[in-house]
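Peer 1: Taking the hints into account, I'd like the entire structure generated from these sequences.
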Amino acid sequence: MTTATEPMKSKDYKSTVPPTWCPGCGDFGVLNAVLKAFADKTMSIDDTVLVSGIGCSSRFPYFVKTYGMHTAHGRVLPVAAGLKMSRPDLNVIAFGGDGDGFSIGGGHVPHVVRKNTDLTYILMDNSIYGLTKGQVSPTSQVGMVTTTTPYGAPDNPVNPLAFCLTYGATYVAQAYSSKSKQVQELVTGAMEHKGFAFVNIISPCPTFNKINTFDSYKESLEEVPADHDTSDLNAALKIALRAKEGKTPIGLLYKVERPTLVERLTEIRQKAKGDDNFDLNKVIDQYIP
Amino acid sequence: MTTATEPMKSKDYKSTVPPTWCPGCGDFGVLNAVLKAFADKTMSIDDTVLVSGIGCSSRFPYFVKTYGMHTAHGRVLPVAAGLKMSRPDLNVIAFGGDGDGFSIGGGHVPHVVRKNTDLTYILMDNSIYGLTKGQVSPTSQVGMVTTTTPYGAPDNPVNPLAFCLTYGATYVAQAYSSKSKQVQELVTGAMEHKGFAFVNIISPCPTFNKINTFDSYKESLEEVPADHDTSDLNAALKIALRAKEGKTPIGLLYKVERPTLVERLTEIRQKAKGDDNFDLNKVIDQYIP
Amino acid sequence: MTKANDLIIRIGGEGGEGIISSGDMITQAAARSGLEVLTFKTFPAEIRGGYAMYQIRFSHEVILSEGSGFNVLCCFNKEALDNNRSQIEKGSVLIYDFPGGDIAEEQNIEGVHCYPVPMSKIAKEELSTYRSKNMVAMGAISELFSIGAIPLRELIQEKFGKKGQEVVEINFKALDAGAKHAREHLKKTDPFQMDEGKPQKDVMIISGNEAIGLGALLAGVKYFSAYPITPATEVAIFLSKHLPKVNGNLVQAEDEIASLANVIGASYGGVKSMTATSGPGLSLMQELIGMSSMMEVPVVIADVQRGGPSTGLPTKHEQSDLFLAALGSHGDASKVVLSPEGVEDCIYLTTEAFNIAEQYQVPVLILSDGSLGFRTSSIKKPDPSKIKRIERLKYEPGANGDKPYERYELTESGISAMSHPGQPGGNYISTGLEHAPSSAPRYSPENRVSMTDKRFGKLDTLEDFVQATEVDDMDGAQVGVIAWGSTIGTAREAVKLARAEGVKVAAIYPKLVWPLPLKALNAFAKKYPKTLVPEVNKQGQLASLLRMKTDMKPISYNIYSGMPFTPKMILEKIKEVSK
Amino acid sequence: MTKANDLIIRIGGEGGEGIISSGDMITQAAARSGLEVLTFKTFPAEIRGGYAMYQIRFSHEVILSEGSGFNVLCCFNKEALDNNRSQIEKGSVLIYDFPGGDIAEEQNIEGVHCYPVPMSKIAKEELSTYRSKNMVAMGAISELFSIGAIPLRELIQEKFGKKGQEVVEINFKALDAGAKHAREHLKKTDPFQMDEGKPQKDVMIISGNEAIGLGALLAGVKYFSAYPITPATEVAIFLSKHLPKVNGNLVQAEDEIASLANVIGASYGGVKSMTATSGPGLSLMQELIGMSSMMEVPVVIADVQRGGPSTGLPTKHEQSDLFLAALGSHGDASKVVLSPEGVEDCIYLTTEAFNIAEQYQVPVLILSDGSLGFRTSSIKKPDPSKIKRIERLKYEPGANGDKPYERYELTESGISAMSHPGQPGGNYISTGLEHAPSSAPRYSPENRVSMTDKRFGKLDTLEDFVQATEVDDMDGAQVGVIAWGSTIGTAREAVKLARAEGVKVAAIYPKLVWPLPLKALNAFAKKYPKTLVPEVNKQGQLASLLRMKTDMKPISYNIYSGMPFTPKMILEKIKEVSK
Ligand SMILES: Cc1ncc(C[n+]2csc(CCOP(=O)(O)OP(=O)(O)O)c2C)c(N)n1
Ligand SMILES: Cc1ncc(C[n+]2csc(CCOP(=O)(O)OP(=O)(O)O)c2C)c(N)n1
Ligand code: SF4
Ligand code: SF4
Ligand SMILES: [Mg+2]
Ligand SMILES: [Mg+2]
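Residue numbers (this note's numbering), protein chains in the order written: chain P, 1190 to 1478; chain L, 1190 to 1478; chain S, -6 to 572; chain C, -6 to 572.
Honestly, the hints are just simulated from the structure, not real lab data.
Treat the hints with care, since some could be wrong.
Unchecked claim - No farther apart than 27 angstroms at their CA atoms in a straight line, the calculated lysine-lysine pairs in the DSSO-like style are these:
{"id": "1", "chain 1": "P", "residue 1": "LYS1399", "chain 2": "S", "residue 2": "LYS156"}
{"id": "2", "chain 1": "L", "residue 1": "LYS1407", "chain 2": "L", "residue 2": "LYS1383"}
{"id": "3", "chain 1": "C", "residue 1": "LYS155", "chain 2": "L", "residue 2": "LYS1399"}
{"id": "4", "chain 1": "L", "residue 1": "LYS1471", "chain 2": "S", "residue 2": "LYS519"}
{"id": "5", "chain 1": "S", "residue 1": "LYS519", "chain 2": "C", "residue 2": "LYS523"}
{"id": "6", "chain 1": "C", "residue 1": "LYS166", "chain 2": "C", "residue 2": "LYS71"}
As the list claims (entries may be wrong) - Computed list of chain L residues with no C-beta within reach of chain S, every gap over 12 angstroms:
{"id": "7", "residue": "PRO1212"}
{"id": "8", "residue": "GLY1294"}
{"id": "9", "residue": "GLY1332"}
{"id": "10", "residue": "THR1402"}
{"id": "11", "residue": "PHE1403"}
{"id": "12", "residue": "PRO1414"}
{"id": "13", "residue": "HIS1417"}
{"id": "14", "residue": "SER1420"}
{"id": "15", "residue": "GLY1435"}
To be verified - Derived contacts from chain L toward chain C, CB cut-off under 7 angstroms, selection only:
{"id": "16", "residue": "SER1292"}
{"id": "17", "residue": "ILE1293"}
{"id": "18", "residue": "TYR1318"}
{"id": "19", "residue": "SER1409"}
{"id": "20", "residue": "LEU1410"}
Ideal Cβ placement from N, Cα and C applies to all residues, glycine included.
Peer 2: Laid out in structure tokens, this is it:
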């Protein structure tokens, strides 16, 4: 087995499991760029764990040689967080889809984010439920016709970027599956970031989403302005809200530093004078009448 | 029984169940102001349903003569939404605490809000878990010592106002339990609003929260500036984020109109030519081979 | 050449190769030509790749199950052949893509009629569209076994007409090319040929999942909320189309917890409400199922079971949510579980589920399963005017005179009148806390006992109310079969086969599976002390409940490979235990 | 005057009146003076108002249960008197707040020693602080029954010292005023008086919930995540204080689903992990319990049961989550359920739970209950150096030579070595999908069957491994009692009483309640065919499982009023069924 010290090529990170995605699925682009980012940072396959929920995108871990967990629908973040809290030495990277993250999993995001949990979260956003064959997703547009919305979707979509910014994420970026270089850079940045880093990757589903297609994004993509101050929350929010104008901003929106969950838990253990060899009799003695 | 047409006084809305709250609990103030708002609008006790989750604050419905549901922890919004969708003729008002709404229930909020579900949601925010006797809540400050955080809470608090604004709420206000008149006005405004209206009411828990006390709020309360444009989302967000500076803005932050869930569902039924007497043979015949 | 009265064709290939759509078409064509049909499908859990299978059984008589094995196997690729090779029986037919596909060699299996059809080759070379491969195969199949040639063309016209005549023509060409190949290059040596049936009026062809949706419409559902999940999503898809037509509302919720919460809110408001899910969703709903039991709010929950636990085998067959459905939720929660045997049952047990929910103010679960959910079959059209609709006992303002309304009034039947918001004098707070008759929280021991007894006791009359148990008696039977859910049809067929072989066997088919119909079951067990319970799960879930609630010591026959029973498997077991 | 060897004092009043804190103090004082103590508390579900009760049993011998009724009742208010009046037995003592409280009349109950103590009056008038009322009562009680007068003063000093000597003095004064009133104004006519015991070293006094936390520490827990819920929160409170000391981490999660998800992630990482909840939380965890079963990740879940279903009776006693714990989660999910009988068990069964979880790589549930969780009792201090800690079978890099590591290798024991991230060569994807030995998804029938058999089969050796079943044989016994959870202590006492009356009765106490310890149970049932199963739930949940898995036809004795059994209740039943 290769360890972190021997540099590996991107293809060396590929597992022997062939991706189960449809030809043309945006997730291939994400996979390739992420593998490049791994190679770039000579990530150790042994010290890296890819955690995912359920969905087409959540099959990601199988295709990579690292450790991994393919968990339950919507639970990727709390599983990843539990792992990171107890094993801060590991690189823990979370993967999932728009439904996994912002529909059934939407209750976990605010908390994992506000704690500034030391995780990278890569969401493959195709504005549809891929694995269950084409239902409306939380990022689907109003009026979109899907198998469960034959008369058009009644709901305004969520804005994953704005949500994470408001929750207090310290690294927020959006990328586009086909722009491989940028995906790679933003993912690298996320992995290097201290604290919770969110990368929303627009990753079209040619099989079930006939609205948000590779073609349609050609028009809506919009680079984050070069002069954007990535420490300005308000400015970042404004960019995130470009989605309302039908635009798809890509690039790094926000990056700041604040204490992370691992740091804060470490402080608590220090306050408690945490000691691996602590004598439990000291606890027991507190309960002598 | 009194019907909507006979004007009732605020005390006439009180049920015979005496509130189970501790003496001095902020929730009394909320109850009184809400009852006044009911009297003000001569709400019909028969056409109004108060739905709540679980917590001290969620006992609210028992103390009022209307219809009500005391549901499960965190589920107030989806229960209320289901009721409203099927019975748009009713006034459905949701009640709950900070834990109920933004911890265990936090996954429902974005969706009920983005749909612009026709509900009023009154949250009694005491930054603590009251009913379970004093654990850290999602609105508790970092470092706060509670029964489950003896070394201080490690997590940054959530910001209910900013969250709801980002989710796309069309009416967002904050009030303070002791400022009865304002509570009443903002609740009245919320009930009159078409779409999802959120009123976060700071309602101290003198029994378990010794940090966020009536005294402490004296210093932090801050009226929304008189010249604030309530249709300006960015401005509203800025006010919401005053919490970061230790301030507690009170007043109406945001109010706009957009299609509500009930309206959109009505459109769908119209598209489908919905008819109470629709002949189901027409559906069956579509499945003849 | 003898004409077959009962033919099973299995088509295998890669998921996404058009197996489903072409299978659907030939099924429909056969039904049009007056045959009974019943299909069975398995998909991979992945969107692309993996082995998919579509099996159709054709008959002139009512079809009870998928059958045992197949008469004709049609392989679109090597994987399909590999997967099925061991199951090819002597006397059956093998059609396979050769030459030109990925099956490298001509097949010569002793005693098997092997027909190579170069489907890929014809599609690519003659029709220059690989996607027409499946139509080439259908053409050959239709020709070889005389199945619905004319309706097939009609259906192509109807289905592809919207896409332009060009598309229609391509498909016609493919169909013709397949038929021509069969006529000109294959020497039919097998005996299988289906007569046309008598085209039937009053027949519909619908899947088990759609049938649940239809049952709900017939029962008067007005609100539906669900979260997509395989293999239950089609219930929502069906209702999303049709529910708005009856002025009902449907939403896709953010998760299963929200769905059931929505449904409870709607039902509290007086509207018949429902959700549908599969195992993982049912697990998530446990807290709120208990709440609806406690609040006595009628709700209907369809659980289309799949292989568990956890994500498990999401596209495979299993009957393993019975424990959770009957005994799940913390505390002692009363509820009702029904399980349909086939597509027609999916309609009528769903209407029954609504009736029970309304009558008893209780959550009612319908346990279907993946094979049944995806199964299409030809059934008799239901007559909407003949559906019995029961409404909950509703509070009548003023009926009690001066006595204040009590939502949870203790009555002899255990059923209390329910008021709906808007009704003067009916005001109450529905609650998951233990409560007094008035609905106010009350924790006293006496009240607790009487309220618990109320919630369980009201179901005492259920067995007579629902009459969803069928007994198939036989004098002198050595063994009595007890089957539930979609195993019932298979068991029926096995019993028929056994009797045809002179084996004496009786059977009982409970479709109410919780609380168990004890009168019927005990009477059955008395007549046939040796009982056999075939079910598709590891733990013998129904058998366990039977042991729990009766004095039976049933013989469990459990399989849990992801596949349903075949009639032959049950037949063999019947013979074994009859000895 | 005979001196009592076993005294039960019940104190009743309004929630929030200081009943708990003063009760705790006298309990501790008694333990200091060498008495065995065991407490029993009930609270209202509301924060304020409602009836609260604190009962203490004092003895010179090991105390098995709360006992039957009380010898002394001390009423802080009228509600307490009303609630308990019917339970006051002849020969017992009634102390009550009079005059000056809300009890309007002097009490004269025939055969009962009635002592009025003007607690409110003394507190308000003499001490001018109403809050010292409870201390006045304690002073009187301590004086009347000679319980821990000196330690009480020490404890006041220790507890209030931090708040300033002024507060200490107020409390001393209150205590003295109560004692003085008893000495000067009451004529002791009752026979109850506790000797001082021999002050014991090696004794601790701790609640059931804290004991679970302590057990976890002793077992080596390093990660804990939970969401607050009555009556389980104290497990988290205990660990939040102490876990960081051993360099462990604790978080309060956003809900129970997140808690268990956290715990699964941590355990996958190789760290012993746990959560604690009550019924509603256990319902929410069902999906992830199945996932940990499927992933074979060791996790420990303590469920401190309360009255269900739904919100139910959140502060009352019930043993009704057994069905959910054993048979919950969709699909066939293997798991283990333990149930402690008392506070000491809470320690050792929790360490056992971790050992089982590690040994078998399975979710292990601990079913405690509200009375046990809040019960404090004097127990022998555990010796941390004597606790057996079992670690999971860990993958050894390179141990397999060139053979690639297989996470779910099929082994004879069904247990496969687990690698932890960071280990070279151990890479695998843990998954809730059905999987091959390598951990890659695999849906083939053969694999499905062998993996299911692995997950269930590995528990075959569990009964011998855990040895958590105690048999109390008796030759010629007419009836064999089977009790579980905190009913065990009560049953033990009942059995003792029965035998004292010459009734022959045997008993078995399974603390492993799923999978059932069938060897022991069947052997027991063979010896004592008539079995009696007392349990606090409606459905007879253990009795149902016994019927399901053995040939027993146990006699169920179910109560479900929110209160535990008393030894007398079980005694009477034993006598009844022994006839
Ligand atoms: C509790 C539960 N509910 C529902 C499902 C079914 N399900 C599987 S994946 C999925 C959604 C997939 O959409 P998304 O998360 O956007 O991922 P994608 O497939 O589009 O990559 C759903 C609803 C499930 N597995 N578990
Ligand atoms: C599923 C579930 N988990 C936990 C609980 C326990 N519980 C009841 S109320 C509550 C929190 C109360 O806090 P909050 O919502 O802020 O309301 P407050 O009492 O402060 O008004 C909790 C955790 C529960 N009832 N159900
Ligand atoms: S269904 Fe869509 S998301 Fe899933 S693999 Fe195919 S293209 Fe990708
Ligand atoms: S505990 Fe706090 S929130 Fe609850 S009733 Fe008392 S003061 Fe109010
Ligand atoms: Mg998606
Ligand atoms: Mg609160």
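Peer 1: Going back to the hint list, which numbers does this structure go against?
Peer 2: Violated hints (numbers, rising): 2, 4, 8, 19 and 20; every other hint is consistent with the structure.
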